[in-house]
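**Student:** Listed below, chain by chain, are the residues.
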Amino acid sequence: MSISIKPLADRVIVAPAAAEEKTKSGIIIPDTAKEKPQRGEVVAIGEGKLSEQGALMKPQVQVGDQVLYGKYAGTEISVEGNDYLIMRESDILAIL
Amino acid sequence: MSISIKPLADRVIVAPAAAEEKTKSGIIIPDTAKEKPQRGEVVAIGEGKLSEQGALMKPQVQVGDQVLYGKYAGTEISVEGNDYLIMRESDILAIL
Amino acid sequence: MSISIKPLADRVIVAPAAAEEKTKSGIIIPDTAKEKPQRGEVVAIGEGKLSEQGALMKPQVQVGDQVLYGKYAGTEISVEGNDYLIMRESDILAIL
Amino acid sequence: MSISIKPLADRVIVAPAAAEEKTKSGIIIPDTAKEKPQRGEVVAIGEGKLSEQGALMKPQVQVGDQVLYGKYAGTEISVEGNDYLIMRESDILAIL
Amino acid sequence: MSISIKPLADRVIVAPAAAEEKTKSGIIIPDTAKEKPQRGEVVAIGEGKLSEQGALMKPQVQVGDQVLYGKYAGTEISVEGNDYLIMRESDILAIL
Amino acid sequence: MSISIKPLADRVIVAPAAAEEKTKSGIIIPDTAKEKPQRGEVVAIGEGKLSEQGALMKPQVQVGDQVLYGKYAGTEISVEGNDYLIMRESDILAIL
Amino acid sequence: MSISIKPLADRVIVAPAAAEEKTKSGIIIPDTAKEKPQRGEVVAIGEGKLSEQGALMKPQVQVGDQVLYGKYAGTEISVEGNDYLIMRESDILAIL
Chain A
3 MSISIKPLAD RVIVAPAAAE EKTKSGIIIP DTAKEKPQRG EVVAIGEGKL SEQGALMKPQ
63 VQVGDQVLYG KYAGTEISVE GNDYLIMRES DILAIL
Chain B
3 MSISIKPLAD RVIVAPAAAE EKTKSGIIIP DTAKEKPQRG EVVAIGEGKL SEQGALMKPQ
63 VQVGDQVLYG KYAGTEISVE GNDYLIMRES DILAIL
Chain C
3 MSISIKPLAD RVIVAPAAAE EKTKSGIIIP DTAKEKPQRG EVVAIGEGKL SEQGALMKPQ
63 VQVGDQVLYG KYAGTEISVE GNDYLIMRES DILAIL
Chain D
3 MSISIKPLAD RVIVAPAAAE EKTKSGIIIP DTAKEKPQRG EVVAIGEGKL SEQGALMKPQ
63 VQVGDQVLYG KYAGTEISVE GNDYLIMRES DILAIL
Chain E
3 MSISIKPLAD RVIVAPAAAE EKTKSGIIIP DTAKEKPQRG EVVAIGEGKL SEQGALMKPQ
63 VQVGDQVLYG KYAGTEISVE GNDYLIMRES DILAIL
Chain F
3 MSISIKPLAD RVIVAPAAAE EKTKSGIIIP DTAKEKPQRG EVVAIGEGKL SEQGALMKPQ
63 VQVGDQVLYG KYAGTEISVE GNDYLIMRES DILAIL
Chain G
3 MSISIKPLAD RVIVAPAAAE EKTKSGIIIP DTAKEKPQRG EVVAIGEGKL SEQGALMKPQ
63 VQVGDQVLYG KYAGTEISVE GNDYLIMRES DILAIL
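Protein sequence lines, in the order shown, are assigned to chains A, B, C, D, E, F and G. Quick note on numbering: this note's numbering labels position 5 of the first sequence as 7, and the sequence is numbered without any gaps. Quick note on numbering: this note's numbering labels position 17 of the second sequence as 19, and the sequence is numbered without any gaps. Quick note on numbering: this note's numbering labels position 17 of the third sequence as 19, and the sequence is numbered without any gaps. Quick note on numbering: this note's numbering labels position 63 of the fourth sequence as 65, and the sequence is numbered without any gaps. Quick note on numbering: this note's numbering labels position 74 of the fifth sequence as 76, and the sequence is numbered without any gaps. Quick note on numbering: this note's numbering labels position 52 of the sixth sequence as 54, and the sequence is numbered without any gaps. Quick note on numbering: this note's numbering labels position 14 of the seventh sequence as 16, and the sequence is numbered without any gaps.
Read the hints as simulated data drawn from the structure, not as lab findings. A quick note: this is a predicted structure, and the numbers were derived from the prediction, not measured. Fair warning: there could be bad hints in the mix.
[Stated by the list, open to error] Think about it this way: if two alpha-carbon atoms lie no more than 30 Å apart in a straight line, the pair counts; the simulated BS3-like pairs of lysine-lysine are: (1) D/Lys73 - D/Lys60; (2) G/Lys60 - E/Lys73; (3) D/Lys8 - A/Lys8; (4) C/Lys73 - E/Lys73; (5) C/Lys51 - G/Lys8; (6) D/Lys60 - D/Lys8; (7) C/Lys8 - E/Lys73; (8) F/Lys60 - D/Lys73; (9) E/Lys8 - G/Lys60; (10) B/Lys51 - E/Lys8; (11) C/Lys73 - E/Lys60; (12) C/Lys51 - B/Lys8; (13) C/Lys8 - B/Lys73; (14) D/Lys73 - F/Lys51; (15) E/Lys51 - E/Lys73; (16) A/Lys60 - B/Lys73.
[As the list claims (entries may be wrong)] Cβ-Cβ distance ranges computed for the label pairs, FRET-style: (17) F/Tyr74 - B/Ala20: 31 to 41 Å; (18) D/Gly66 - F/Ala57: 24 to 34 Å; (19) F/Tyr74 - G/Glu82: 19 to 29 Å.
Quick reminder that beta carbons are idealized off the backbone N, C-alpha and C, glycines included.
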């Protein structure tokens, strides 16, 4: 899964997983959980943030990575009927 | 589309897209959405911000780029009857 | 237009434009606008801010530049009956 | 004990110790304590944070370390029925 | 005018001008003005602040400079019956 | 006096002195004092904090140092019936 | 006057001057003054703060210096019946 939008700097676009899905690692995140992190797939990444030295700091996640992110991370966008989240890479907690 | 105003440092000027437009990527952002990002075209860019090391950090967007930006980003200016937004490049979320 | 006051560091002095003026670019900023940026002419500039490395970071604006700045930017001073604003260069949004 | 989730940057995953456990050092943390730190075992670590110079700052804790952490540190995740905490390495106070 | 007190780091001591004085530049600052900057003469300067790189950042003002500063800048001290203000150099807006 | 717990980064573990003790320097800190600093002995130190340049900044205190620290510094831990405080080295005011 | 306590990093210990004292510079600070700076003598200094580059930034004040400091600067300590203040060097405004 990938989309043609290019996030800027250290931003990534994530396709949220359906609530009932189960990952290879067997993570189940009950939707009743308060403040529990969410799961999704990275569908686009930015080129990275520039450091104060002008060096490009490349993102550590890749398109296709299954990731966990905080419940309130990111901004919703909608492309051809599908909902995505655009967030900073630092909003991503872990790769599954 | 371009205008003769020169934004300073890391600022860019964006011409907001009409609400009913549809991009090549097919993004439709319903105007009823709360806090949803907005879409527009970059019409002028600054030379970039100076880092603490004195290096010029050039903007990653270019004049003509179709971009997404946060709903409350930027300051409105009006040139020859047209409305634009002047914002920092970091207010831009993605290039379409 | 220029005045004999020397702003310190990254500060500049701006002579606000009369409300009914019209620039070459044709910008008209109706005075009823809420939070709209203001227009004026730079009449004095500081030598620039020192970076953490001790390097002088020269201002990007010059005396004579027509500029846009935020509605609440700067501090009013009055020289020989004329009102000016002294502000940081970062309060300037764009050069017209 | 280890799990297949990869924390990002300077994050680590900790398996909280059962409340009644006693470490080799003999630490007992009564569960009535207010604001007392908690104890657990590191089960996964990130690759480290990038410094502003672009250098990778490796974590000082290792998988298997018994650690103390603040009572409200981290975000709960649940993997195959087990509860873990994902937190920044800086939330860890000490290695037992 | 100079005094024997040595301000530390990036601090300067200023002798406030009498309210009715008029400078060479002809600045008159009516004392009814709200938040208007004040005028005075620099009577002592510190050696400068050390940057994070350990470089000494020398002050740009000199003893004898007539300066403008914010209305609430600095701390009052009193030497042999005279009132002075001790402030950071960054509180000084301009040299007259 | 020393314990087998390893504080992380710039943290140290301090054994608080009994309220009635008197140091070689003769400091007496009456327990009625409000906001007065506390006294104790360093029993464990971390390896130091990594600077942004990746350099290890070693702690200036050593195990065995008698130190003063702010009244509300640190987090209480309890090891084999003894109470300690784990705090950042910057919470330590002075070595006695 | 000097005491055997070693302040840490960029801290200094100051012996406050008696309220009625008069310095060589003739400063008199009436004790009715609100927010006026205080005067005292430096009796101990730390080795200095480490910069982000790991360089030791030595204090600019010396033991024996008569200094001005803000009214609410520092923390009170009491050594052999005498009261002192332990503060950061940046709390010191000037050397008399």
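**Student:** Cβ-Cβ distance between tyrosine 74 of chain F and glutamate 82 of chain G: within 19 to 29 Å?
**Tutor:** holds, 26 Å
**Student:** Please work out if lysine 73 of chain C and lysine 73 of chain E have their alpha carbons no farther apart than 30 Å.
**Tutor:** holds, 21 Å
**Student:** With a cut-off of 30 Å on the C-alpha distance, tell me whether lysine 8 of chain E and lysine 60 of chain G pass.
**Tutor:** Holds, because 18 Å separates the two Cα atoms, which is no more than 30 Å.
**Student:** Next pair to validate is lysine 73 of chain D with lysine 60 of chain D; report whether the Cα-Cα distance is within 30 Å.
**Tutor:** holds, 24 Å
**Student:** Take the C-alpha atoms of lysine 60 of chain F and lysine 73 of chain D, compute the straight-line distance between them, and say whether it is at most 30 Å.
**Tutor:** holds, 27 Å
**Student:** Would you mind confirming whether the straight-line C-alpha gap from lysine 73 of chain C to lysine 60 of chain E stays at or under 30 Å?
**Tutor:** Distance of about 33 Å is beyond 30 Å: violated.
**Student:** Please work out if lysine 8 of chain C and lysine 73 of chain B have their alpha carbons no farther apart than 30 Å.
**Tutor:** violated, 39 Å
**Student:** Taking the CB of tyrosine 74 of chain F and the CB of alanine 20 of chain B, does the distance hold inside 31 to 41 Å?
**Tutor:** violated, 57 Å
**Student:** Taking 30 Å as the top limit, are the C-alpha atoms of lysine 8 of chain C and lysine 73 of chain E close enough?
**Tutor:** Distance ~19 Å between lysine 8 of chain C and lysine 73 of chain E Cα, so the pair holds.
**Student:** Do the alpha carbons of lysine 51 of chain B and lysine 8 of chain E lie within 30 Å of each other, as the hint requires?
**Tutor:** Not satisfied, since the Cα-Cα distance of roughly 37 Å exceeds 30 Å.
**Student:** Is the gap between the beta carbons of glycine 66 of chain D and alanine 57 of chain F within 24 to 34 Å?
**Tutor:** holds, 28 Å
**Student:** Between lysine 8 of chain D and lysine 8 of chain A, does the CA-CA distance stay at or below 30 Å?
**Tutor:** holds, 25 Å
Checked against the numbered hints listed earlier, the structure breaks hints 2, 5, 10, 11, 13 and 17; every other hint is satisfied.
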